[in-house]
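> Line order of the protein sequences matches chains A and B.
In this text, residue positions in the first sequence follow my numbering: the first is 167, and each later residue adds one.
In this text, residue positions in the second sequence follow my numbering: the first is -17, and each later residue adds one.
Be a bit skeptical, because a hint or two may be false.
[As the list claims (entries may be wrong)] SDA-like cross-link-like pairs, simulated, lysine to any residue; straight-line CA separation at most 25 Å: (1) Lys489(A) with Val218(B); (2) Lys72(B) with Gln309(A); (3) Lys276(A) with Thr64(B); (4) Lys361(A) with Gly319(A); (5) Lys28(B) with Ser277(A); (6) Lys480(A) with Ile452(A); (7) Lys246(A) with Arg466(A); (8) Lys585(A) with Val218(B); (9) Lys451(A) with Phe467(A).
FYI, nobody ran anything at the bench for these hints, they're computed from the structure.
Bear in mind that the values here come from a model prediction, so they are computed numbers and not experimental data.
Spelled out, the chains give:
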Amino acid sequence: MTRKNAISLLVILLIFGFTLWAILPIDAVKLGRKGLHLGLDLVGGVHLVYEADFTANATGDDKNRDINRAVTTIQQRIDKYGVTEPIIQKMGDDRILIQLPGFTDIDAAKSLVEQTGFLEFREVELTDVGQPVTLGDYLEQTQLQLFDKQEKGERIFVATMMDEEGNMQHKTVAFLVSDDKDIRLTDPAGNPVDKEALNEFAGGLSWISARGDDGTPLTGEFLADAAPTISRDITPSPQVSIEWNSEGGTIFDEIAKRLYSPEGDYSPQHLLGIFLDSTLLSSPKINEPAYHGSGVITGRFTRVEVEELANLLKSGALPMPLKQPPLYQEKISATLGADFIQMSWMAGLIGIILVMLFMIAYYRLPGFLASLALIFYGTLVLALFKLIPVTLSLAGLGGFILSIGMAVDANVLIFERMKEEIRMGRTLGAAVEAGFNRAWSAIRDSNITTIIVCIILFWLGSSIVASAPVMGFALTLLIGVIVSMFTAIVVTRTLLRLFIHSPLSKKTALFSVDRGKK
Amino acid sequence: MFDVIGKRFWYFLISGIVILVGIISLLSAGLPSGIEFSSGSMLTVKFEEPVEYDLFKEELVSLGYTDAIIQSAGEGQFLIRTHELSDSEKAQLENSLSDRFGQVTEAQFSSVSPQVASETVNNAVIAVAIAAVGILLYVTWAFRRMPRPFHYGTCAIAALVHDALIAMGVFSILGALMGWEINLMFITGLLAVIGYSVNNTVVVFDRIRENLTKGIGSTFEAVVNNSLVETLSRSVNTSLTTLVVVLALLLFVGASIQNFVVVLIIGIIAGTFSSVCVAPSLLVVWDKGEWGRFIPWRKPSKPKA
């Protein structure tokens, strides 16, 4: 054993020891990395991709800023649900990718994400003589004209009706939009609508933005905090307590002062409408001329609903709505995933054992050494998966298992070369060195083509929406190819050199070569 | 020493027949694509009580899902593939099913919009094309010191196209028989086959390069033949070890990555054949200017030798 080889062997043993320590036990925390990172298709979960619905005149900078803000907002909403390691990312210019491992209620996940969460406060539009305006008043006009000429903003018409249990229900029935060109009525989805179709909702009140004295509309933007609470009256019911920031507090008090009715009058002129995503939640009466920065949102809420609402208000509004349905949605149940993992380990184990048996049967001693190198390969790759960390999807496991079969390729190339050299009458030592040197160009060129394919696959994976299988496969195969070049060349060579000068080297049968015969 | 190259036109015949059958199948049966490429929704529902397939299918038809493809996926479990479902449609469908067959759980659900599906198709095609060009460039570059390096690159690509065509053709036949659809895993498998195929071809070409430099062998044909015989056991052994693990994947992991594994198996077999028999033969045919022999009614041009 030469000194140099002894050092290589020592380094290899050290690396092997390190990889074993890193991967065992498989789910232990090592160097700050927890277990093997399993992809969504293995642990189950929800995968959503949304496209942002930007207004036509949004510039590139606007979009970029808004999409980043939307990602943060969604992150905050999801965080409250205790999903471990959710992935919320910007994808391209106008897409958002959401992956929630272990969270399989796709409908809940979607409603959590899709809510725009735009909170605003509105008051009832009044005529010149101070009478509340209804949808009917607008329908009677031959040419649409605003009653409150000062207020150019959108009107929301809300019909209030009784449901079967006798509870009040608010329903947004139409919008009135005014711009430079014209004034028009639309349905709740924003499409133009016939006046006749709206006649049944003629009694619906017209709500306009509630503004402070300087014209700033009061929205959720000015909220400092929101928390679920229980009202302290005769029939305690869940509600959301809100805290305004100082600017919001000022605007709110200015509005309250204007709407306050000393007589405690429950007429539309004195109501403050609380709207979430253009839906009226409740329209409390203003009881005091000033609230000094706090208030409550009441309505027909359950406990769960107030918690969700408080969460939504705190995380803030999405800067833009998301197009529905999502571009891509997928839900994988966790039981399916657990089976996959088991089966994949089994396949990997059986695969590696069969490859080792084949190598030993065909190449004898070198085959045995290559099998040791293969074990080294397996542990090193797994350690890299854990430490980088690589998210292992089913396809990724497939790539890893496939790479086991391909990892011995370099060894096969080298051993075939060695056999040729021995047949040509070289000594074992010379044959080993020649085998490695001569096989190198084939190993290099053939692996580079595989690496090219891996890189292209990775690009494909990053450019499409359902990316997990492709990227996982490309990454694990890439790591596999690179590591296998190292193990086949360095590890096997070092192990073989140990035997060159030992008595075993005289027994050519161990090298599956009959000297002199072809 | 075996004379492999001497039988080159037999290989072309065998490959030609397999590819032709594959192309006929591709043209007639095609490659039915999954929702990733054609958009739509896929829903796996699970009932607590076993439900008969016919009854289930009847119920879906009566709910208006006449276009839905329904597969039985185990006891009381069905896979429904249909157009892109909206939230309300899905909720309605599940409600109707639970009214009819009792408690239903949604084991798996995925839905792909037409926009995303067409992007995926485009990008998959681009990826395959770039992979082919990248490999052509690399192989040409790797063999740049040889006379006519472009021949090596082109023959490697020909072997790759050969393997890809066989993989798609055979998959199309199997798909038609078993009702399989292609998905992203299929494309991933196809790209892996491309990489694998070139990997093998390059090893053979590398030996040709080495033997040519050494100047062993009388003719180009003899050099090519020697080189591929010398690398034959390597080609076979590597294919065997790879096939072994892929079969293990098929047996143990099964259905969920079936597309991927089946493409790999076909591709590995085709790839071994093409790298040993087809690609080196093409090099020789090109070198000798024998293209005329592919056209039966023309007299073969005189070999250059």
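> Hinted pair, alpha-carbon criterion (25 Å max): Lys489(A), Val218(B). Please report holds or violated.
violated (53 Å)
> Lys28(B) and Ser277(A) were given as a pair; does the straight-line alpha-carbon distance stay at or below 25 Å?
holds (24 Å)
> With the threshold set at 25 Å, check whether the alpha-carbon distance from Lys276(A) to Thr64(B) stays at or below it.
holds (21 Å)
> Under the criterion that the straight-line Cα-Cα distance not exceed 25 Å, is the pair Lys451(A), Phe467(A) satisfied?
Holds. Lys451(A) to Phe467(A) sits at ~18 Å (cutoff 25 Å).
> Are Lys361(A) and Gly319(A) close enough, with their CA atoms no more than 25 Å apart?
Holds - the C-alpha atoms of Gly319(A) and Lys361(A) are around 20 Å apart, at most 25 Å.
> Take the C-alpha atoms of Lys480(A) and Ile452(A), compute the straight-line distance between them, and say whether it is at most 25 Å.
holds (23 Å)
> For the pair we were handed, Lys72(B) and Gln309(A), check the Cα-Cα distance against 25 Å.
violated (43 Å)
> Is Lys585(A) within 25 Å of Val218(B), Cα to Cα?
Given pair Lys585(A), Val218(B) holds - Cα atoms ~16 Å apart, limit 25 Å.
> For the pair supplied as a hint, Lys246(A) and Arg466(A), is the alpha-carbon distance within the 25 Å limit?
Given pair Lys246(A), Arg466(A) holds - Cα atoms ~23 Å apart, limit 25 Å.
Going down the numbered hints, you'll see the structure goes against 1 and 2, while the others check out.
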